[in-house]
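J.: The primary structure of each chain is shown beneath.
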Amino acid sequence: MLNDIFIKPFIDMVEAPDFLLQVLWEGLVSGILYALIALGFVLIFRSSRIFNFAQGIMVVFAALTLVGLHAMGVPAWICVILTLGVMFLLAVTIERVVLRPLVGQPDIILFMATIGITLFLIGLGEIIFGGENKVMITEELGIPTDSVVLEPWGGLLILEQKDITAVIVAALLVVALLLFLNKTRMGRAIRALGDDHQAALSVGISLQQIWVLVWFIAGIIALVTGIAWGARAGVSFALEVIAYKALPVLMLGGLESITGAIIGGLLIGMMEKLFEIYWGQPLLGGNTETWFAFVLALIVLLFRPQGLFGERIIERV
Amino acid sequence: MTKFTRIAAAAALGAMVGQAAMAEGLSTPNLAYRTGPFAATGIPLMNGQADYMAMLNARDGGIGGIPIDFFECETGYSTEKGVECYEKTKSNAIVSQPWSTGITLQVLPKTNVDQIPILASGYGFSPMADGKVFHWAFNTPLSYWDGASIILKYIKEMGDLSGKKVAFLHLDHPFGKEPLPYLEMKAESEGFELLPIPVGLKEMQNQSAQWLQVRRERPDYVIMWGWGAMNAGAITEAVKTKFPMDKMLGVWWSGHDADLRLVGEDGKGYKSVSWSFPNSDAPVMADVKKLVVDAGKSQTSPEEMDGVFYSRGLVISAILAEGITVAQEHAGKPDISPADLRWGLENLNLTQARLDELGLSGMVPPFSTSCANHTGHSGGWILEWDGAKFVKASDLIMPESEAISELETAKAREYAEANAPWPVNEDCQM
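Protein chains in written order, with this note's numbering: chain A, 1 to 317; chain B, 1001 to 1430.
No wet-lab data here; the hints were simulated from the structure.
Quick reminder that beta carbons are idealized off the backbone N, C-alpha and C, glycines included.
Among the clues, some could well be false.
As the list claims (entries may be wrong) - Calculated lysine-lysine pairs in the DSBU-like style (CA-CA distance at most 35 Å, straight line):
1) B:K1389 - B:K1268
2) B:K1165 - B:K1153
3) A:K8 - B:K1165
4) A:K8 - B:K1242
5) B:K1242 - B:K1165
6) B:K1240 - A:K8
7) A:K8 - B:K1202
8) B:K1247 - A:K8
9) B:K1156 - B:K1333
10) B:K1156 - B:K1242
11) A:K8 - B:K1177
12) B:K1164 - A:K8
13) B:K1164 - B:K1411
Said to hold, decoys possible - Ranges between beta-carbon positions, derived for each pair:
14) A:L124 - B:R1059: 30 to 38 Å
15) A:L156 - B:G1159: 22 to 30 Å
16) A:D196 - B:S1301: 52 to 60 Å
17) B:A1286 - A:L124: 34 to 42 Å
Please take these sequences and the hints and turn them into a complete structure.
T.: Structure representation (structure tokens):
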């Protein structure tokens, strides 16, 4: 038994390095997609202290809008622009109808409001687009669908071009987001709100504008996530479930840290894949991905309750 | 009384009258799931079921002159919501259709108390076939063990199973685990290695870990017990891993046209066992089209009507309708009770001649039930994806009755003992 836990997995890794690379690649792809979802949560939490339960359904709604518009005969790239428009309208509506009347209410009220938004978007999405599985317009968007087959050490490594694209686009999005937050006036305003609401408001930062902006950015992230996940297994309401994969990422990385979301996502993506393949499947019958990330996050929380990159909050009473 | 109050009162009265009108007829609730992660597969099935009943109401005024009150309670495929729906709809119901193995297992003990038959066509707990133990439960026309048996028989036609490795990719859910007792028994008797690979609900759309295991273990065949988004996830990963499609076979819930359309030509050769088959030329399809779809009473689209799942939904309602007809004839009255319907479902005799008479030619194999046999074990076809649609790839294959029957009896007895005191049907002498 000790051999199976401490020695055999590492021998397997050394004996089949191409397979290990494949496992790490699959983990990287999953991780970057987890990180994208987590980013949506973090942005909204930083600026408004709202844990946005609706992030998952926003992914579905954005992807459905994109595919739905294309089914109506609209060219693919126009669909992307129109979908961004829809996500902007959604951000404005959420700010006007849901968030603005609740300013100053306890956090739990705002959290409950996002559950309401989730239920509303599920209903609206089903009325407009129906619940059937739809094919993502991968090729129409110019995303290559072939595979790159490599033979490292005489073995086999298959890289899907759409996964490579997802990784590149996600990386570019993260860089753009970091530049926006650190180098632009609006970005600094978002960070200021996250640091201290009262102080930010006192220097004239508009809460309404910032909320619309962060919900719109979360909408853009949702669209990119929806395209990447939808290209793998179609667009349906099942995509909403993947939002739960972001929860351990947030626990691990910290709810307020963009770096935490990215590194947490990558760590969880790769570690859960490694654990599943080398320990979970041979020793525990598989399907350890359902719980591994949560256990990992809990272990981190035992030592760092604020997560790996979260801010330590000290309240004096 | 203000204007608003008057409007509200009128609306409430209207709703009550509507409810009363709805309540007239034979109450046949359906615990449907048109929402949630499994909606994509649920919608065409529910549409087929609803359209057949609507067609009977429009064409014949119902069954035996009494309209059918077919209505849905939305579960989202959640077991908790399903049990709530069962409780909410059972008061006047003559039948309940739980639509998930999880919900079926939860309501199974209640059927003895409520004395309402549950009809779980092609799903649920396989030992429900033993009518002596499961007095009120029906899983016509084929159980999951029958399905697994047909798949193994088909594989055996291609060569001996001995020494082969068979991966069993399944949803980590009561539905996905259901065929395991039979497959484990067969692995031992046939001498093949069974490799169960579970897929969690959150992993349905990202099965890379499961398919890395397939790549490492190199199974000779993959048998899939998938549902909802899991099917599309598995088939896309199989294509990506370059697993030979003709070595991958699924249960009837893994043979949905929309899932295969995601991979199109790449999915060519994928197979699925099925106890139903779409036949656009069948007379019943013309009636449904004319009286329901063209009349604007259906939620279905014309393309969906040619699909495997829509026609299966239609066949499920046809089986229920036949059960009601048989019950009415036996009871000598149209307004039957749940107990009458149980008798009807236990005495189905859907011969080819009767299927032709019902306009269902080629859509379901003939089968019959009895008080001891609540499944019918109709047999099934292997369907193959040709890149655009499913086509028949085999003649009718029958499950191996003897081994399955022994296992059913043993597991049914085990269930009854574990849930003692469990009433059995002592009147059944078969």
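J.: Within 35 Å, alpha carbon to alpha carbon, are B:K1240 and A:K8?
T.: holds, 28 Å
J.: Just to be careful, I want the Cα atoms of B:K1156 and B:K1333 compared with a cutoff of 35 Å; is the pair within it?
T.: violated, 49 Å
J.: Given the hinted pair B:K1156 and B:K1242, is their alpha-carbon gap at most 35 Å?
T.: Distance of about 23 Å is within 35 Å: holds.
J.: Cβ-Cβ distance between A:L156 and B:G1159: within 22 to 30 Å?
T.: holds, 26 Å
J.: Within 34 to 42 Å or not, the Cβ separation of B:A1286 and A:L124?
T.: holds, 36 Å
J.: A:K8 and B:K1177: Cα distance at most 35 Å?
T.: Measuring from Cα to Cα gives roughly 29 Å; hence the hint holds.
J.: Take a quick look at whether B:K1389 and B:K1268 sit within 35 Å of each other, Cα to Cα.
T.: holds, 9 Å
J.: Hinted pair, alpha-carbon criterion (35 Å max): B:K1164, A:K8. Please report holds or violated.
T.: holds, 25 Å
J.: Is A:K8 within 35 Å of B:K1242, Cα to Cα?
T.: Holds: A:K8 and B:K1242 sit about 28 Å apart, inside 35 Å.
J.: Take a look at whether the Cβ-Cβ distance between A:L124 and B:R1059 falls inside 30 to 38 Å.
T.: holds, 36 Å
J.: Check the following: the C-beta atoms of A:D196 and B:S1301 are separated by a distance inside 52 to 60 Å.
T.: Given a distance of about 54 Å, which is inside 52 to 60 Å, the answer is holds.
J.: For a C-alpha distance cap of 35 Å, please report whether B:K1247 and A:K8 respect it.
T.: holds, 30 Å
Of the numbered hints stated above, the single one contradicted by the structure is hint 9.
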